[in-house]
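With chain A held as given, fit chain Y onto it using these hints.
Letter by letter, the chains look like this.
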Amino acid sequence: MSGLRSTGAGAARGVTAMSDRPADVRIRDFGEVDIGLSTDEAINEAARCLQCKRPLCVRGCPVGIDIPAFIREVAEGNFPAAARALKEQNMLPAICGRVCPQETQCEGVCILGNRDAPIRIGAIERFVADWERANGPDLPEVAKPTGRRVAVVGSGPAGLTAAAELARAGHAVTIFESLHEAGGVLTYGIPAFRLPKDVVKAEIDQVLALGARLKKNHVVGRSIGVDELLSYDAVFLATGAGLPAFMGIPGENLNGVYSANEFLTRVNLMHAEAFPEFDTPVLHAARVAVIGGGNVAMDAARVARRLGAKVFLIYRRGEEEMPARRAEVVHAKEEGIEFYTCANPVRILGDQHVTGIECVKMALCGIDASGRRSPKPIEGSEFTLDVDMVIQAIGTSPNPLLVSLIPGLERGRKGNVIVDENGRTSIPHVYAAGDIVTGAATVIEAMGSAKRAAAAIDAMLKGE
Amino acid sequence: MAQHARAGQFLILRLHEAGERIPLTISAVREDAVRVIFMTVGKTTEELATLRAGDRITDVVGPLGKPSEIANYGTCCVIGGGVGIASTPPIAKELKDAGNHVIGIIGARSADLLILEDEMREICDELYITTDDGSKGVHGFASDVLKKLLEERTLDRVWIIGPAIMMKVTSGVTVPYNVKTYVSLNPIMVDGTGMCGSCRVTVGGETKFACVDGPEFDAHQVDFNELMQRQRIYTAQEKVSLERFAEHRCRCGEGGHRHE
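From first to last, the protein sequence lines are chains A and Y.
If you use UniProt numbering, the first sequence corresponds to residues 1 to 464, in order.
If you use UniProt numbering, the second sequence corresponds to residues 1 to 260, in order.
Keep in mind the hints are simulated off the structure, nothing from the lab.
Please read all numbers here as calculations on a predicted model, not as lab measurements.
Be a bit skeptical, because a hint or two may be false.
Claimed, not checked - EDC-like, lysine to aspartate or glutamate: derived pairs with alpha carbons at most 16 Å apart:
| # | chain 1 | residue 1 | chain 2 | residue 2 |
| --- | --- | --- | --- | --- |
| 1 | Y | Lys208 | A | Glu277 |
| 2 | Y | Lys93 | Y | Glu126 |
| 3 | A | Lys216 | Y | Glu17 |
| 4 | A | Lys310 | A | Glu252 |
| 5 | Y | Lys239 | A | Glu277 |
| 6 | Y | Lys66 | Y | Glu247 |
| 7 | A | Lys197 | Y | Glu17 |
| 8 | A | Lys216 | Y | Asp218 |
| 9 | A | Lys333 | A | Asp24 |
| 10 | A | Lys215 | Y | Glu122 |
| 11 | A | Lys310 | A | Glu335 |
What the hints assert, rightly or not - Pair by pair, the computed Cβ-Cβ distance ranges are:
| # | chain 1 | residue 1 | chain 2 | residue 2 | range |
| --- | --- | --- | --- | --- | --- |
| 12 | A | Gly336 | Y | Ala33 | 49 to 59 Å |
| 13 | A | Lys414 | Y | Tyr177 | 34 to 44 Å |
| 14 | A | Ser404 | Y | Asp156 | 23 to 33 Å |
Every residue, glycine too, gets a C-beta built ideally from N, C-alpha and C.
So that you can see chain A by itself, here it is in the shape it has in the complex (with noise of 0.2 Å):
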């Protein structure tokens, strides 16, 4: 529930008010939505945790945080303790703390959200994390020297949490980056509204202390052979799923046609809402049509809204089926984007350039493979809407440039990389993990899969 503001029965029992700047002031910058909590209101909300015996918010969380125990020292005001608890089992509170969706994990199994309001774990997080980057942050322990080399490919949520684990091991980790920046979709997709870059800086920075180097501007496959990386004693792929697909429909390569991947690269990594201060630009249209249902869609259609358009977002399903967390989806609203859902585009018109978009109204009908209404068109349903951009964020897949070059490497259809649960390849030596794996999943999704493969990674070093 981060993010949303609290009403009715949790707040007048002393939940925590929500810390959300108003959508007309923060829809004129790139500046941070939810302010956070202050000292006291984080103490306050803490008290509230009634300290489980059995704790279920623990087990909702997929990196396995102690949340009781970090909770407990924020109650008592004992901020370096719970910072030190929730960096034993994770490395990117920060991140972390403003975007997992803790609705559907640890907020979402607190018993207390059975009789009002869970407890904000999420928003704690954050205010813990805060805290320690304000105060100067206490590392955790490093093993000594291993003399063991591990190569992590890619620098997104999945390699960082590999490259900490395996770094706190002792191990000689090198991360490579192709881009010009660490981060991966924390750095070029997630927009600085909902996580600022400077946290993500600070985040990747300790896990640089820990001892892991990171190469940027690596492409691994191409500046660094495959034979170099399979040289390694352990490799760990997370390359992510960062292959934008796009819908296939007449007008998708007119100008004014972005996928969302692009848009937000060029905001986020390059700067392009600061040009001509920053060399890169982008397209500033007067309408906008964004089209898809998921976090990355409401992440387009904001910025898109912050720099100046009146954007539509077009959606197959109901509002209620979308995949973007509900609070995305409510922040998109309050910011004024207009929705279109059970409607799909069919063509975007436009000669050179975009001038519209034809979509088509659909019906819910049946019950698909994924469990949700599975849309239909509506025959003779067709209406156009006037816009002058579209941004397809309708999904991504893995990215294909480095596995396709691994002789050997195990692949499902969609180019997923194929592991056990411990994030075993088809190849002895080389573990991964994150979306890669999985296809386009969550931040803490990927962290999870790549601490166990840390580990898978960490016995076979130690065992041999």
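Just chain Y, lined up with the frame of chain A:
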């Protein structure tokens, strides 16, 4: 990068923290250095041209893209137009090393814009030069020489690298002779690793990403009109950026009136 670079590949560079990422073809490799040749057309290339030996840029990444499809085909023709000539020596050299008879054609608007003549003469078995204004070599276009060659003998493969319109026109010449022809496409890119789709081009009716599926494609399948349309997406912004840079240079750089 030098160790792994092959003919047909490119790199992406960024000048400084506020810079954009631009792709440039790798034109030569010597020991651990690579060479790129660029023409000043926009803000970033203008700024790059102000650098002196020993100056540094923030980021370089590469080699990127698929290498040229080199094999022993028989007789191959490698054509460069304008700054596109920069890409021709590595392709000609690898074709030569693979056992081909290599014919080079390099063309420019005028003699003073012609580059790498000596280098190409050394690599190629035959070299033809064209200028639009007749100031050197054949008065005309590379496509004129190509047409003449095809009338006289068999070519097994043709490479054409240059401005989009030049590649479109020149590759049209090989269609009636059914000669497999490659062009190296130069759409707008951002990451260069297949993540954004900015560089998407239509080849044989399918959408391809030039950065990872190319940059070389079968010329006869390429939708050149769409390529040229998409190259113009940021024309207005490019103008703003260039004018701003020119003004900035006048104020505080070039004429010895350095402030601060």
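Inset, instruction - Could you tell me which of the hints above the structure violates, numbers in ascending order? - result: The structure breaks hints 1, 4, 6, 8 and 10; every other hint is satisfied.
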